[in-house]
Structures are given as structure tokens and as C-alpha cells.
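One-letter residues, chain by chain:
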Amino acid sequence: MANPGIWRNEPAAPRAEPETGRPARAPGNAARGAVAMDPPAGNTLGIHDLLARLDSLAEENYFDGPTADATGPARLGALADPRCYRDPLNIAGWGANGLRAMLGGMIAIRETEIALGRLVESGDVVCPVHLAVGQEAIPVGVSHNLDASDRVFGGHRSHGHYLAQGGDLDQLFAEVLGKDAGCSRGMGGSMHLFAPETGFWGSVPIVGATIPVAVGAALAAKMDGKGAVAVAYFGDGAAEEGVLHEALNMASTMKLPVLFVCENNLYASHMDIAQRQPHDSTARFAHAHAVPAMVVDGNDALAVARAAGRLIGESRAGRGPGYLEAVSYRWYGHVGPDENIDVGLRRSAEELAAWKQRDPVMRLGAAMTARGDLTDADIDSMRADAAARAAQAAERALAAPYPEARALFDYVFARRAG
Amino acid sequence: MANPGIWRNEPAAPRAEPETGRPARAPGNAARGAVAMDPPAGNTLGIHDLLARLDSLAEENYFDGPTADATGPARLGALADPRCYRDPLNIAGWGANGLRAMLGGMIAIRETEIALGRLVESGDVVCPVHLAVGQEAIPVGVSHNLDASDRVFGGHRSHGHYLAQGGDLDQLFAEVLGKDAGCSRGMGGSMHLFAPETGFWGSVPIVGATIPVAVGAALAAKMDGKGAVAVAYFGDGAAEEGVLHEALNMASTMKLPVLFVCENNLYASHMDIAQRQPHDSTARFAHAHAVPAMVVDGNDALAVARAAGRLIGESRAGRGPGYLEAVSYRWYGHVGPDENIDVGLRRSAEELAAWKQRDPVMRLGAAMTARGDLTDADIDSMRADAAARAAQAAERALAAPYPEARALFDYVFARRAG
Amino acid sequence: MNYARGIRDGFQYLLKTYPEVFAIGQGLWSPWYVGASMTDLDKEFGTDRVIDTPVSELATTGAAVGASLCGYRPIVIHPRMDFMILAADQIVNQAAKWSHMMGGRASPAVTVRAIINRGGEQGAQHSQALHSWYAHIPGLRVVTPATASDARDLLIASVLCDAPVLYIDNRWLYECESPDSPVVELKLEEEGPRVLRDGSDVTLVGSGYATWLCLQAAEVLAADGIDAEVVDLRVLNPFEPGAVIRSVRHTGRLVAVDDGWQTCGMAGEIIAAVAEAVEPACLKSRPARITLPDAPAPTSKTLEAAYYPTVEDVVNAALAQLGRAPAPKLAKAS
Amino acid sequence: MNYARGIRDGFQYLLKTYPEVFAIGQGLWSPWYVGASMTDLDKEFGTDRVIDTPVSELATTGAAVGASLCGYRPIVIHPRMDFMILAADQIVNQAAKWSHMMGGRASPAVTVRAIINRGGEQGAQHSQALHSWYAHIPGLRVVTPATASDARDLLIASVLCDAPVLYIDNRWLYECESPDSPVVELKLEEEGPRVLRDGSDVTLVGSGYATWLCLQAAEVLAADGIDAEVVDLRVLNPFEPGAVIRSVRHTGRLVAVDDGWQTCGMAGEIIAAVAEAVEPACLKSRPARITLPDAPAPTSKTLEAAYYPTVEDVVNAALAQLGRAPAPKLAKAS
Ligand SMILES: Cc1ncc(C[n+]2csc(CCOP(=O)(O)OP(=O)(O)O)c2C)c(N)n1
Ligand SMILES: Cc1ncc(C[n+]2csc(CCOP(=O)(O)OP(=O)(O)O)c2C)c(N)n1
Ligand SMILES: [Mg+2]
Ligand SMILES: [Mg+2]
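Sequence lines, in order, name chains U, Z, E and D.
Under the numbering used here, the residues of the first sequence are numbered 4 to 421, in order.
Under the numbering used here, the residues of the second sequence are numbered 4 to 421, in order.
Under the numbering used here, the residues of the third sequence are numbered 1251 to 1584, in order.
Under the numbering used here, the residues of the fourth sequence are numbered 1251 to 1584, in order.
One thing to keep in mind: the hints can contain errors.
Simulated restraints, written as ranges between beta carbons of each label pair [claimed, not checked]:
id, chain 1, residue 1, chain 2, residue 2, range
1, Z, Gly228, E, Asp1477, 52 to 62 angstroms
2, E, Glu1490, D, Gly1475, 36 to 46 angstroms
3, Z, Phe412, U, Glu354, 53 to 63 angstroms
4, U, Glu354, E, Leu1436, 45 to 55 angstroms
5, E, Glu1294, U, Ala352, 41 to 51 angstroms
6, Z, Glu200, E, Tyr1268, 21 to 31 angstroms
7, U, Phe412, E, Leu1436, 15 to 25 angstroms
A short list of chain E residues far from chain U (calculated; beta carbon distances all over 10 angstroms) [claimed, not checked]:
id, residue
8, Met1251
9, Lys1266
10, Leu1291
11, Gly1296
12, Gly1373
13, Tyr1424
14, Asp1430
15, Leu1436
16, Val1445
17, Gly1449
18, Ser1450
19, Lys1551
20, Asp1563
21, Ala1577
22, Pro1578
Coverage of chain D stretches by chain E, computed from C-beta distances (three or more under 8 angstroms per stretch; other residues unrestricted) [as the list claims (entries may be wrong)]:
id, segment
23, 1331-1345
24, 1371-1378
25, 1483-1496
Treat the hints as calculated values from the structure; they're not laboratory data.
These numbers were taken from a predicted model, which means no experiment stands behind them.
Backbone N, C-alpha and C fix where the C-beta goes; we use that ideal spot for every residue, glycine too.
Given the sequences, and given the hints that come with them, work out the whole structure.
Here is the structure:
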């Protein structure tokens, strides 16, 4: 190994222990002992952990058909267990300003989405709105490593991806309301965001569709030769579309600078991952395609930022793609502000309540107040400010005009600016 | 592990050593030592070997971008090295009759395909004909474990799959010549074979198309509850189609009795696998989807039969899908009897000559003559008989009538027999 | 009985009567995916026969094709026609062609159910009606019920048919009521376009939701003393234009209505089939078509209102056929 | 200059002149995949700009779309239109819609090149001409060159156009010659149907290979004293029927020829567009169309011969328009 431990040289964050006796890892690991299992260092899983997990999966599951139940135990272990990872983050080594920006970013996304949810409830917003409250740490952590020359692509649940890149708040509200002032001139709504001036190059709601598009943007970046990277956000459900695999293979074979970010929130619309896949971590797909992967607590903005930074750094240096699996949970249901806990799904009120304790905002906020970076009152006022900004943007958007009728035809065929 | 070594309890075949100093395995394994590496037992690779290889890949490649070259060294090691596995097969424990049937099956396929190639050269056959000479051990080994109640699906290169299931020789020639007496009534040609009475449920030339179709046949078999299995044959190129991954996930999640057989002949039309994938073994995809996989010398009918038997046995017992990767090489080029060695591809005359020394027919034949199961003259006469049968079938087919004009419309919408 | 209920009754009848029938697709265990058209079928018939799937349109469809070759009669459900494009290879290259390619020996008796689910500001990737695409493909029967009883009986006929069938329903019709009727097992091969309303002044032709537009327009026209004949296509492929041709020979005027796009669409096909068959002298005016405009679906409510054809559009086209001025503004349809 | 050479010259011109152009697709490093239409371009411009790919139609096409958003002008090549169905989502849901969905801000300036490669007993999955499908999709320009100079100049125009373009060529035309001409950079927005041959007795309309059939038929008809006007569509989407309508107003007779299927196909679209625009009294006879029969492609040589439209079919349809008996047996075309 040319550079042993390259994925582990970060300060280790204290690891929250499960509240119950349920082990954070599947028992097979320790029992076998053939693979050297380091004690988990921080909340990022490096490739060795993954291989070890793959190995333990083999031990338990591959061969013993009867126990390889499709609805069997989660393989992400503690990362998918909402009783773990509840403590304040370890912020040692991070400056207050940087952290404040990240906290502010998460709060802005959350307050914006809450405001959008209210507009859905009031009937002002008609288009489908997929909220990612609870998942804010992922885009904030990823975009921490990006700038406007990079190329970020999202899907149906992308308000956070857009905002984290610096997408305009007024234009977001206008877009969701179908107004001409929207970032897509009111032609797309919530599921079609576009802000290339920030590096956000588009989101669309065909699940998986932007994954190969991001690979193409990475090919363009490679041809440009200026070190830009592309990012494809997608969910655990999208990982079931074959196109992910085609895209991983292409990116791997052509060594393209693209970061695949799987926001694994354990659900695809009404189905939990155990109903859809034999294993709950999607990073196994990256390994299969020889793409370096890391699996992190997606409710830890710093873990996300570190892992994304590492993988993006490799990509910028010309070493090809990376894969980041960030495990999280959405506080709202699949679409709109309903919680989807009483509509006959396996998602329960208890599960949701537990995940709310693993709040990415609270965990960073608590660490910062503990260190004296800011006070609870500061956080409250950040929240109030963000809510006010969202309310203002909503008002402006509500008052804004719809596109003119000719918009229906004007945009069918674009003409390039240049 | 419930049943350690379950994949290893066969008599070990003597392992041919490479003729050069090139190690049969990538060096990373030994160096790391974290994974217990058994010495290779026979020429089947069990899951531990695969995980070890995955691990060694990680060591060498995942992290060290610069060395992770898309055209880098083969990961199948000796299995992809035509200087290995040339010795007569180890036939200990196999009865002469069974072996004679397998040898005869391979010879029949080869002589049939040679005869088809001649018809292409003479201009009698116009439709595209993809020959699998050199790969005969795979269908013969797989079909050894199947009967007419199973459901086998193929692709563009499926004469052998059809014949190994017992598909009619006359109907094959008639089909390739587009005659009404063909197995598909002359409506398909070489790439569209159909003989459900033998368990061969169809081949079509859209690459990857029959993979999910076989999964559906397995779903039907599971619903039938009679222990039948489905088999999907496909190539290393087809593994680049996303649908393979969708199909693996479905089969794994639903625990369907289907055997995925990847005939890895290291090429997809004009491109070798190193130009298309970061790694030369496709079994990594099975692992990613928690499907038990075995990788075998595809030029060893007994190794194929054993591995397929094991995996199929698990499927019949209700334990879900299996994945068999059989490494081989086609003696002819992509289509027709041309060898594709002087048309600007990376495939060389030397490579081809070396692979001809790893002849699946010769290796089984040599073992049988050495044990006294038959003589060289017996083999010669088997060959002559097969050639004569093929020539006869060709003649009958050449004389047979074309479909009537109404065939163009009669078959557009089928009516079910029952 | 409303249209959604018709679909559900069709599923229930099939699952109850035929053990070889099963349903597979995204959202079948969900409380909301397919509207009220399959409510609680999973509970009634079990999750082994009403199967929800991963987000894998292509493999799911291929699996249904495979099961159909082996004696089952699966219905594979695509909750949105837009997503089904990912499965087009299995529908167009496989299901539609296997019988022909195998000389009539293979029988992919699969029913593909595609739902048109549009409006509600869902945007261009969640709005498409691609029935004309599939009507172009020989070997694939395409069925577009417009009434609740057809929703049920054509579903049953599709599933019992030995050929692959694309059954397309439209959520905008789910609340439409038809009179109750007993279940009938129709032979799909014998079904085709049908006159839903007799008239002698002008022929209005549609399918699915467009038929509903035609029926509404005929009511409005009747109030104005104009007698419109309405032909509901029901089966788009193989397309049998006989009923339309007979009607136009009688009325001399044709308005073809379609809620898909124009170029190479069903409305154009209707006009072409009539133009080929009817002597020019028989036509009292140039036939007209009403379709979506040549643009992807917008989202804004104002643009959506401008985008989708309305009853008013059909009424005005019929009036124009008769040389009459457009009607005074009507309330927007749907 | 033959047609294949025209395509190659177009690629060469583009790759030489525009650094933002690159080609990507299956078979580009192969000696045989795309016939003579791209011979040695990989050697001339390097494998970084002429990129061969894994067998992954969907991701390859998506990658081209992505690169096109970011300032490049990729040409993604599908050596067979049949395989391209696997990429339909990226063509239809993505490339064709991004500009509209993003309010004109996104510019997927991608060219998708699809090759119609049929005959030779290749069978139903290796024979399709699906241009009518894609002509149905707003937002996607569809181009079907029939001559060698169009093969070159429309390729260049497609790639230089800011909108997504589907460029369809047909291997049956590769050996057809046109007179040499200098390269011109056309504006695709300004290109459309064109009269290739003047005539006053009957209008023959085609695109791609069907145009070639029309031109051949016109020769045969001329020998019989019949003056056929030939209109070559060139651009199927957006479809501008003006030239066809003008021609039919003049001749009063229309034969629409297409080498795709009939239902919802381009031949029907031509007839519908004319029927909508031309007063019935202008038509001297009922328009006719010549298309593939309603069946997947067969393999047997005898059935292939019966399947594909021929010059003779076009000649006879034209004669029928004039009330004349079919011509004596002609030699089979192509
Ligand atoms: C191709 C396609 N298939 C199905 C859908 C319907 N759909 C919308 S979101 C979704 C679930 C996606 O789950 P995941 O990728 O995990 O993202 P999440 O919603 O959890 O963020 C599905 C199936 C779609 N939009 N596109
Ligand atoms: C969907 C699709 N894409 C491309 C092709 C063209 N094609 C025919 S065979 C082939 C290579 C297949 O390689 P592999 O799967 O390894 O099978 P092999 O020919 O080696 O047996 C390709 C790309 C096709 N037939 N179908
Ligand atoms: Mg999810
Ligand atoms: Mg191969």
C-alpha cells in the first residue's frame, strides 16, 4: 500500500455509543478475525472497514441462504442506527468562522424548507416539493469543498444542494411558485433547479438521470484541464437504477473527476432499503467499480466535509472519481411536509423521533456553544434571521409575475449565450 | 460461518503453473497478509479468493490513482493467462460415460460452428453468425446440471447454449439459413434461437436483454415451486449494461432461482476488457449485490460443471441466485469465421495461438485417453461423426424451403398453445 | 362506478379468477402511487402476487416479460409513462418482437400498464402521454380506455390476450363515472374503435382523456344545435380506422383530438387514415386536429392552463368545421 | 463524394475547426462498426477526441449531454438505432427538455447520431428506423440527410446548433454519390424540406433512404412521360410542411414514402399536414403512403425482399394516383 492510512489521518471524533446493547457492527467481523479490524476511528469508514464489512457479509449471508433475508439486519450498523451519533461533534481543529458558516448554511436550508412546506400546506405551492430537513449536513459538507467552477447536479430533493452552492434564495422561492423570476424562469418548479453561476448545474426528477450527466460534466472538466470536479447527488433508491453502474464504470475507466454522493436516507419513497436491496450500504457498488469510497455519518457536516474533501482532492489531482455515501434520514415524508409515519409504511413515529435526536444542526450547534464559539441565543437569532429571510423571499415570490404565455415556446430550443 | 469451505470440498485439480515467472496472482495479496489466503485449491475461485483479490485491488489500486491504470494488469491472474491451465483435466471421480457425453457435446458444438463458419464463407449464410469455438466447455458444463424443465436464455453467441440443452441440429442449421424448418421458423436466424422443449427459452442479440428476462423466468419458477432454475448467459461486455445490476439486485432481494453465467472471453467485439472496465473479473458485481459467485477456468468443462452444480443446487433449494464467471476466449473474431487478429485490434496472433493451447476439448480428451477411457482414434471418429452430422444438417437445411410470404404477418401476434 | 374503481375491479377479477396473473411494479405497496386504482390489492392477494419493486424500470419490465414466456400473465405497472422510457427496450425490442422473431413460438403475454399522470405543476418529466410512440410499434397492442367500464374490461381483455399489450390509463379520468355493468371477458383481438355518440354534422375522434374532451364538447355543441358524432378509438395498435372512416363519410367533417403531441401523433394518424380512404369530394372542409402544442410540459399554473387542450378548443374546432365563429368563452375544463 | 465520405468529411471538418467538438460512442476504434463513415478519425484526432466506450448506451449518452451543458459540442454515436432505445431517457427526457425546463438557461448542444443499419438478414432487433418516434418529441431537432452533401453539411449544422439534434443516417445510402461541393456552415434553424426535382403531375415526399426511392421512382416515371416532383424532408422535427403543401397545391397528388412503420409515422404526418392545409377540392386523388408493413423485420432473404419498400412500389403508387395501371415488373431496388 503506497500510502497506508491515507483515509484516517484526521483527528478522530469521539464516537457515540449505542444506547442499547445492540452492537454497532455486525458480529461476524470480530468472530472471524481474519481481517484486521481497526477499532472504528471517527465516524468515517474507510475502505478497510468496508472490505471487512463485505467480508462479514460474506460470512453471514452469502452462503447461508436461509439467513440472507432481504429484510435482515442493517449492514451500516451504527451509522444507520439513530441511537448512535447523537453527541455534539468534535470540532477540534476547526475554526469558529468556518463552523459558523456551515452551521448557518444548515440553518438556512432548514428554515427555507420549513417555509416551503408551509407554502405547500397553504396551497400556494402546487408543484411536488421534496424536503430534505434532517439531511442538511450533506450538501453543506460537500459544498465546503467546491466553488462556482465546479459542476453540481441534483435530483428531485435538491433545495439544499442548490442553496449550499450559493443558489439565490429569492430565485428558489420564485421557482417553486412557478414565477418568471425563478432560477429556471418558472419553467421547472421545485424539482428543476439551475444556477450555473454558482456551480449548480441542474436537478431533475427522473431518478438517476443526472448521474451520467455529471460524468459528462466531469469529462468536460477533464478536457478543460483546470481541476474542476463534478458532483452527482443521488439517493439510495437511485442506486437501483442500472445507470449508476454504467456511470461508475465509465468514470472509473476514464478516470474522470466526479464525486458520486449517495445520500442514503434508508428510504425510497414508501419503501425502506431492506425491502429493495440485500444490503443497506451502497458503497459496495463503488468498490465493485474500483472507485474509492467512504461511508460517513451524513448528519455530521464535518465528517462529510472531510471525506468529500479527501475524495475531491484526489479527483482534482487527476486520480479519477470518488464515492461518498452519507447516511442520513429525512424528517418529512417522501413529498411535501407530511411525516409519512401513519400511512401504512414501515417508517414509524419512534424511528423518526429517534432520528430527530441525531439532528445535524443541533450537534454542530451544541459543540460550538460548548466551546464558546457562540451562544444559544446566537443560534436562535441565526435561526430567526434565516426564517425571516425565507419569509421575505416567499413574500416577494408570491407577489412576482408568472411567465408570459410565450414562455411556452421561447425556451423549447435554447441558444447558447456564447 | 455456518458451513466453512462449502465451496471447496471438491477434489482439487492439479494446477497448471504459468510458463514464465509472471505470478498467477497479483503481488498485493501476499504482501498484505491480513486476509488468510489459502493456496489456490483447484481452478475454482471461491468467495474468499475473490474477497482477497478485491482487497489486493484496494491495496494496489483504489487509492493510488497513478497506478490505477485503466489498461493495467489483469486481475484474473492465471485464469486470464493462456499460458496457464493447459494440462489435461483432473478427471478423478468422474465416470467415463459422463465424460464421454461432455466431450461429445463439446465436439458437436465445435464441429457445428465450424460448419456454420464455412456456410458464411461460401455465402450461403447471410445473417450475422457469432461463433464460440474455444468456449464449448461453458455450456456443456452448465447444462450438465440442467434439464428441460429449466429455463436457459442466451444472447448473440448462443449456438452452444442451444445445443448443450439438446437443441435440434437440423433446426439450428435451418434457422441460420432462414428456413421454415428452423427452430424459430426461419424468422430469427443465428441470433434468435428458441427450443423451449429442451429448456432453451430464447436468445436475442440486444446485449444484456435476456438477463432480466431470465430473472422473470426464475420468478415464474419460484411461483411454480417445482425447483426449476433459470440461467442467463451473457458476456463481459454485457456486464457494462446497467440492466445486469438491476437484475442482480432484484434476484438477490427476491431470492430468485437464477444462475447468472458470465462468459468472460476478455473481449466485447473489438475492445478488450482493459479498455472498458477497471478490472477484468466481473464477479465483483455479484459480490456487490450479495449474490454468491464463483470464478472458474471456462475451458475446463468439469470445473464449470462443478461450480454451476453447486450454485444451481443452492438455487433449487430456495436459497436464491448464483453467479458463475467462466473465463475463456473465442478462437474466431467477433462475428463470422474471421480471426480478428490483423484488423487493428489489440488481439494478437500470439494471444490466439496461446489460447488454442488451452483447448477445452483437447484437455478433456487428453485426460480421458491417458486414463484409457478412450483412444485418440475414438476422439477422431467422434469428431468425424459430428462433422458428418453437421454437414448433413447443413445440406438438409440448404434444400429446405423458405417461409411463405404470409409468415411476415402470421407471427406478429402469437397465440399461446394452451 | 368510476374509472379508478373500474381498474381496481379489473385487477381484482383477474387476480381472483386466474392464478397465473400477478402484478408487479413500483408503488404497489404504497398508499399513494397509483391513486385509488389498486388500493389494498396487496392486502387482499398478498405481496407475492402484488409485488412492489426496487427503482429499476428496465429489469422489472424484463422480469415480467420473462415470467410471461413461462406461463404467467403478469401486469407490470409504471406509475408514470415518463419513467417507463427507461424500460422501452424490454417493451419495444423484446415484448413486441419475441413472437415474430421466434416464428410464433414465443408468447410474451405480458401487460404493461402505463399511467399518464400530469398537471399539478409536475413539469416536463412528469407529464408525458406517449401512446403515439407505442402505437408505432408492430407487435405491441396498445389500449387506451376512456370509460370506467372499458378501464375494467379492456384491462381484463389485455391480460387474457396472448400478445403483449400496453394498457394506458390517465389519472385525469379516475373520478369519471360510468353506469355499473357486469364484468365481461372481451377478446382484445375483436375490440376496436367505437361510436360513443351518434351525430351527423361533424365527427370528433379521440382516445383516453381526449375522448372525454370530445364527449363534453358534443354536449356543448348539442346545446348549440350541432350534432357531433364521437368515436372513441380504444385500441390504438393495431389501428383499425374503419369506424372513423364510416363516420366521416357520413358527416364529411373531422376533428381529431389527442392529448399527446402533434408530429407523428395519433391525431395525424387519424387524419391520414381518413384522407387515404375517403374521396376528397366527400369532405366538406379540411380536417383539423387538436393536440398539445409543440413544447414540453410547463409547470407554472398559468402555462399549464394554456398547454392542455380543453373542451372549448374542441368545440371551437368543430364550429370552424361548420364555418361558424368560436363559441363565447367557456369555463376551463378539468 | 459518396454519402459515407460526406459524413466523414463532416466529422473531419468539425474536429479540425472546433476544439469543443468531440465524438463518443461504441465502435469508434473499430475497423467495422460504423462502416466507412469514420475511418481512422481516432488516428487523425486522437483517442481523447474520438472516444470508444463500454457497452453502456444510457450512460454514454448522458455523459454527452453533460459535456454539452458545460461548453462542449459532443457527438454521441449509436451504431444502431435499435440499441439507442436503451438511451431514450437521456435523449427524450433529458436532452430534449433541459432547455425548456430550465427556462432557456441550459443548452444541451449535443448531437446524437443514430445509424439505421438493416437488411442482411440481421433480424428484428437490428433493423429499426425510428425517426418518427423522435420526430414526436418537442425540443429535439431531427435531421435525416438523403444526399452526400447533406450528410456532411447537415452534420456540421447539427453540431453547431445550440439545441440537441438527432442526426440519422442510413447505411443503405453510404455508397450513393453526389457531386462534390464545398463545405458550408448552414444554420440548422433555417433548414427544412427542399424540392430536389421539379414536376407537375404528382408529389413524391420522402426523407433519408425514402428520398432516394422517390428520386429513382421519378426517373422511372419520367421515362413514362410522368413528371414527378420530389420533396426531401431533411428535417423531421420541427416539421415544416410548407414545401410539401406548396408542391401538392401544384400537382394535386401526393405519395408519402417512408422506410419506417406506418401507424403514427412520418408518412402519415405528411398526409395529415397536407390534408389540414389544402382544400379538398385541390386534391385530384386520395393521397397515398408507402411504408414498411406492420411487422417487425424478418430475417429470411425472401421475406426481407418482401418487407422493404422498393422503387417499384413508389412508381406504382404514383401511377395509381394518375389512374394508371401498375408498371411492368421492375428490378428489385437496393
Ligand atoms: C426513473 C424514475 N423512477 C421512479 C421515480 C419515482 N420516484 C421519485 S423519488 C423516488 C424515490 C427515490 O429514492 P432515493 O433515490 O432514495 O431518494 P430520496 O427520495 O430518498 O431522497 C422514486 C421512486 C422517478 N422520479 N424516476
Ligand atoms: C444493446 C446493444 N448494444 C450493443 C450491441 C452491439 N454488440 C453486439 S455483441 C457486442 C459485444 C458483446 O460482448 P460480450 O458481452 O462480451 O459478448 P461476446 O461477444 O464476447 O460473446 C456488442 C457491443 C448490441 N448488440 N446490443
Ligand atoms: Mg432515499
Ligand atoms: Mg466478451
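Results for each hint:
1. Gly228/Z <-> Asp1477/E: 52 to 62 angstroms: 59 angstroms, holds
2. Glu1490/E <-> Gly1475/D: 36 to 46 angstroms: 39 angstroms, holds
3. Phe412/Z <-> Glu354/U: 53 to 63 angstroms: Holds, at about 58 angstroms.
4. Glu354/U <-> Leu1436/E: 45 to 55 angstroms: Hint holds: Cβ distance 47 angstroms, inside 45 to 55 angstroms.
5. Glu1294/E <-> Ala352/U: 41 to 51 angstroms: Check failed, 27 angstroms falls outside 41 to 51 angstroms.
6. Glu200/Z <-> Tyr1268/E: 21 to 31 angstroms: At roughly 25 angstroms between Cβ atoms, Tyr1268/E and Glu200/Z fall inside 21 to 31 angstroms, so the hint holds.
7. Phe412/U <-> Leu1436/E: 15 to 25 angstroms: 42 angstroms, violated
8. Met1251: 25 angstroms, holds
9. Lys1266: Since the minimum Cβ distance to chain U is about 23 angstroms, Lys1266/E lies beyond 10 angstroms and the statement holds.
10. Leu1291: 13 angstroms, holds
11. Gly1296: 15 angstroms, holds
12. Gly1373: 6 angstroms, violated
13. Tyr1424: Label holds. Min Cβ-Cβ 18 angstroms, cutoff 10 angstroms.
14. Asp1430: 29 angstroms, holds
15. Leu1436: For Leu1436/E, whose nearest Cβ neighbour in chain U is about 34 angstroms away, the distance exceeds 10 angstroms, so it holds.
16. Val1445: 34 angstroms, holds
17. Gly1449: Per Cβ check, Gly1449/E is outside 10 angstroms of chain U; nearest 33 angstroms; holds.
18. Ser1450: Non-interface label stands for Ser1450/E: nearest chain U Cβ at 36 angstroms, farther than 10 angstroms.
19. Lys1551: Violated, since 6 angstroms does not exceed 10 angstroms.
20. Asp1563: 15 angstroms, holds
21. Ala1577: 21 angstroms, holds
22. Pro1578: 21 angstroms, holds
23. 1331-1345: holds (count 7)
24. 1371-1378: That given contact holds, which follows from 3 residues of the segment 1371-1378 of chain D lying within Cβ reach (below 8 angstroms) of chain E.
25. 1483-1496: holds (count 4)
Hints 5, 7, 12, 19, counting from the list given before, are not met by this structure.
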